Amino acid sequence: MNSRISLVALAATLSLTAAAADQPIIGLITKTDTNPFFVKMKEGAAAEAKKLGAKLMSAAGKQDGDNAGQVTAIENMMAAGAKTILITPSDAKAIVPTIKKARDAGVLVIALDSPTDPVEAVDALFATDNYKAGQLIGQYAKTALGGKPARIVTLDLFPGHPVGAQRHNGFMSGFGLKAADAKSNDLSTAPEIVCAADSYGDQSKGQAAMESCLQKSPDVNLVYTINEPAAAGAYKALKSAGKEKGVVIVSVDGGCQGIRDTAAGKIQATSQQYPLKMAAMGVAAGVEYAKTGKKASGYVDTGVTLIAGKPLAGVESKDTKVGMELCWGKK
Amino acid sequence: MTPFLERFPLVRHIGTLGPLIALLGACLFFASQSPRFLSGQNFSLILQQVMVVGVLGIGQTLIILTAGIDLSCGMVMALGAVLMSKLAVDTGISVPLAILCGLAATTLFGVINGLLVTKVNLPPFIVTLGTLNIAFAINQIYSGAQTVTDLPDGLTALGNTFSLGDVAISYGSILMLLAYAASWFLLRETAPGRHAYAVGNNPEAARLTGIATKRVLLFVYGLAGLSYGVAAMLSVARTGVGDPQAGQTENLDTITAVVLGGTSLFGGRGSVLGTLVGAVIVGVFRNGLTLMGVSSVYQILITGILVILAVTADQVSRKGR
Amino acid sequence: MNAEFDNNPGHMPPPDHLPPPGSPVLQARGLVKRYGRVTAIDGADFDLRSGEILAVIGDNGAGKSSLIKALSGAVVPDEGEILLDGKPVAFRSPMDARKAGIETVYQDLAVAPAMTIAENLFLGRELLRPGMLGTLLRCLDKPRMLAEATAHMQSLKIGIRSMKQAVETLSGGQRQGVAVARSAAFARHVVIMDEPTAALGVKEGNMVLELIRRVRDRGLPVILISHNMPHVFEIADRIHVHRMGKRAAVLNPRRISMNDAVAVMTGALAVEDIPPECHA
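Chains as they are written, first to last, in this note's numbering: chain A, 1 to 331; chain B, 1001 to 1321; chain C, 2001 to 2280.
Honestly, the hints are just simulated from the structure, not real lab data.
Errors might be hidden in some of the hints.
Unchecked claim - Mimicking SDA-like on lysine to any residue, the simulated pairs with C-alpha atoms at most 20 angstroms apart in a straight line are:
| hint | chain 1 | residue 1 | chain 2 | residue 2 |
| --- | --- | --- | --- | --- |
| 1 | A | 42 | B | 1300 |
| 2 | C | 2164 | B | 1271 |
| 3 | A | 50 | B | 1295 |
| 4 | A | 62 | B | 1132 |
| 5 | A | 62 | B | 1300 |
| 6 | A | 205 | B | 1133 |
| 7 | A | 101 | B | 1167 |
| 8 | A | 243 | A | 190 |
| 9 | A | 101 | B | 1300 |
| 10 | A | 83 | B | 1036 |
| 11 | C | 2164 | B | 1190 |
| 12 | B | 1214 | C | 2074 |
| 13 | A | 205 | B | 1140 |
| 14 | A | 101 | B | 1162 |
| 15 | C | 2142 | C | 2129 |
| 16 | A | 62 | B | 1097 |
| 17 | A | 205 | B | 1145 |
| 18 | A | 100 | B | 1140 |
| 19 | A | 100 | B | 1153 |
| 20 | C | 2099 | B | 1207 |
| 21 | C | 2142 | B | 1192 |
| 22 | A | 142 | A | 100 |
| 23 | B | 1119 | B | 1036 |
| 24 | A | 216 | A | 149 |
| 25 | A | 100 | B | 1149 |
| 26 | A | 277 | A | 295 |
| 27 | A | 101 | B | 1161 |
| 28 | A | 216 | A | 241 |
| 29 | A | 100 | B | 1317 |
| 30 | C | 2164 | B | 1317 |
Stated by the list, open to error - Here are the in silico distance ranges between beta carbons for each label pair:
| hint | chain 1 | residue 1 | chain 2 | residue 2 | range |
| --- | --- | --- | --- | --- | --- |
| 31 | B | 1178 | C | 2130 | 46 to 52 angstroms |
| 32 | A | 106 | B | 1039 | 48 to 54 angstroms |
| 33 | C | 2081 | B | 1185 | 46 to 52 angstroms |
| 34 | A | 313 | B | 1125 | 39 to 45 angstroms |
| 35 | C | 2172 | B | 1182 | 48 to 54 angstroms |
Here the structure is a predicted model, which means the values were calculated and not measured.
Even for Gly, the Cβ is constructed at its ideal location relative to N, Cα and C.
Assemble the whole structure, with the sequences as input and the hints as a guide.
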């Protein structure tokens, strides 16, 4: 009994924010509600929606890889009358049949941040070039090592995810190793990579993976990480082993905490991406579609910048001060 | 819990009536908030969205009624889903045969759980924690962590809909309702069903009255495994792919549905229809809050509050006896 | 698991035979049971006659529970024989004993509290619907179970209104009544009751004693294990005194005093010193 009353009260307060009916409805589906990257993406979308007078709905999977949750979210948003759905696919392949149903019903579907597999399954992709992001830190790492023989650890996302493969393979290509191109979903290997492990983009898992890799190859001198939480985990593992000085750590994302870690010398360089911009562009495209019926299409690059703690000759980079101005997360 | 609560006679019945009242209350509330909520099409959508957790919940209810718990259900389902879709796509065997293989695999997992619980006398929590990991690992190895796509139409047929008036109803939700009817009949009207209750209520008494308690448990775990296979069929049909990453939170989702439905985690009390109500409650909140434009975090918050209320009601009603 | 009942159309039968009162029903000769170096049963004899309530008393550790376990199939004796109606039987499990028509009411109330009285009465031997529904689907014949449960409880004069109540809504005495009624309903030879009044108040205890008497009056001999001497003396026809792993004496409760019986039980009074008319 009490439950009902309290729930009604709670929901009633929430519903005060519900918007008028004639606004265009735009749905944003992220991988999770907890990763700061997606939280920031949601904020960017909300700000833009407010500015353009659209109603934003958001939903997320329960954890990275939760496809069923995203399927449900698409269905609910269609039921709610959303004409544009922005989605960061948790499972690039598995979401495709559901996206097809939505597009068949006339919904504009835009993938944000990571592509679907195949890429053409959505109307448009607004994302950073993850392969290029990898290349930038690869080039930096190559210069940083200065001709020393590389002993590389890669802390990747998890198997089968295109973003994980693109950053990894981009890093290898930037470093001058032979790697698959940006279309591949498989992680390339090379003799220089002495240990490759999955971090799931998570600090504690990244730390555990790094610890195992240190057992296997104590002489590592370069660590590539899928994102900055994983990099922080790697740094912690190296520090515990007393090896943090001689090892170069590079990463991707450019969150404010990551930039701070770069400024503090824990991470040497990171490729900064712009989730707020991605989401804002997606909302604008949705409003445009509602007004004119014109659908956004193709691939739109939202840009990537290399942020380095110490600039190196021959590698174009910005310093952490610039990084802090553009970063997402808690400044 | 407290004597204060027990002074209200209604509180004692909340275990049986509570879930339905909560569901009705939630529906009334959402109907007042969104004009889109109260439509046949929307309810059909909600049913379609809860069908996987709903069917998994049948197996979970059976096991919880015997005072057990199954943590492996979601992973076993995912394995079944990948198995049936990969067999159909890669080996080209017929769809019914592929489905049969998937059902057999999940049933086998159920039987293995049952054997470990009855023959080796391990607690169900630990057994299914083990098989959860085993099923996950086998699934990743077998699928190479790759989603199976381009399924033959037969595998996704249950995701298709038929029209009833202007409402499109998916065959999958009808299959779920049929599965509920069958398990309700089994539990209420047949001797094995009553034995499952007796084993959960007082295993020693059940043994002393001559019930082959281990056979009952084995039957229950095997049947639960079969229900995970049916859920696998529905999952494949709904998402249109064989997804090796599926099923990761379904164990907790089904336990949530069972508890919301008023079935006691201590065994021997409750009903499978309650689990359907519990699953629909979660679906209604998810759907309703999305229609209202409220962030999905609040759905998790509300589910958490409801679970605690449901377990409290269970405790209070037990104390009253 | 209900084979013996499926073959038996008339459920809850009266004992299938009523031998003349006083003839032996369940006997044991020279039973021995050792656990390592401990001898729990040391050449015990036992006699239960038809139509009687036989109380078994003994000090803690005298071995009376081992004896009862041997008679109900829960323990397999190392030596000696058990005779049912004069024929030797060998019980490997409590199920064997039950199939032979010996039912046991356990001290710790073997009922499923959340289930109804009718369900508890038929637990493990449910009545199934006739035809395919019963044999194939094992569908319950609920109306018949309800009717038979009501009739049976009435015949034992257990005043409970509805058989559809959950057992947990009953008082302790009524629950014990359900357990006794279940045994009485299915026993064809013997009912064994292990401390049936131990957990009950005075009024409820008397109610259960009355029930035990009714079971006896229907022709079923009852073995009553109890520490409660007033109850034993109120209800027993004969008293089997168990001491040091064997039968010390069989007493007539109408001749011997309660104090003397306890003295025999504890060894304070030698069996030879009991007046002959006190033996039974």
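These are the hints, each one checked on the structure:
no.: 1; hint: A:42 <-> B:1300; result: holds, 18 angstroms
no.: 2; hint: C:2164 <-> B:1271; result: holds, 17 angstroms
no.: 3; hint: A:50 <-> B:1295; result: holds, 16 angstroms
no.: 4; hint: A:62 <-> B:1132; result: holds, 18 angstroms
no.: 5; hint: A:62 <-> B:1300; result: holds, 9 angstroms
no.: 6; hint: A:205 <-> B:1133; result: holds, 17 angstroms
no.: 7; hint: A:101 <-> B:1167; result: holds, 17 angstroms
no.: 8; hint: A:243 <-> A:190; result: violated, 23 angstroms
no.: 9; hint: A:101 <-> B:1300; result: violated, 27 angstroms
no.: 10; hint: A:83 <-> B:1036; result: holds, 15 angstroms
no.: 11; hint: C:2164 <-> B:1190; result: holds, 17 angstroms
no.: 12; hint: B:1214 <-> C:2074; result: holds, 18 angstroms
no.: 13; hint: A:205 <-> B:1140; result: holds, 18 angstroms
no.: 14; hint: A:101 <-> B:1162; result: holds, 16 angstroms
no.: 15; hint: C:2142 <-> C:2129; result: holds, 8 angstroms
no.: 16; hint: A:62 <-> B:1097; result: violated, 33 angstroms
no.: 17; hint: A:205 <-> B:1145; result: holds, 19 angstroms
no.: 18; hint: A:100 <-> B:1140; result: violated, 26 angstroms
no.: 19; hint: A:100 <-> B:1153; result: holds, 15 angstroms
no.: 20; hint: C:2099 <-> B:1207; result: holds, 15 angstroms
no.: 21; hint: C:2142 <-> B:1192; result: holds, 14 angstroms
no.: 22; hint: A:142 <-> A:100; result: violated, 42 angstroms
no.: 23; hint: B:1119 <-> B:1036; result: violated, 53 angstroms
no.: 24; hint: A:216 <-> A:149; result: holds, 17 angstroms
no.: 25; hint: A:100 <-> B:1149; result: holds, 13 angstroms
no.: 26; hint: A:277 <-> A:295; result: holds, 19 angstroms
no.: 27; hint: A:101 <-> B:1161; result: holds, 13 angstroms
no.: 28; hint: A:216 <-> A:241; result: holds, 13 angstroms
no.: 29; hint: A:100 <-> B:1317; result: violated, 49 angstroms
no.: 30; hint: C:2164 <-> B:1317; result: holds, 18 angstroms
no.: 31; hint: B:1178 <-> C:2130: 46 to 52 angstroms; result: violated, 26 angstroms
no.: 32; hint: A:106 <-> B:1039: 48 to 54 angstroms; result: violated, 19 angstroms
no.: 33; hint: C:2081 <-> B:1185: 46 to 52 angstroms; result: holds, 48 angstroms
no.: 34; hint: A:313 <-> B:1125: 39 to 45 angstroms; result: violated, 60 angstroms
no.: 35; hint: C:2172 <-> B:1182: 48 to 54 angstroms; result: violated, 39 angstroms
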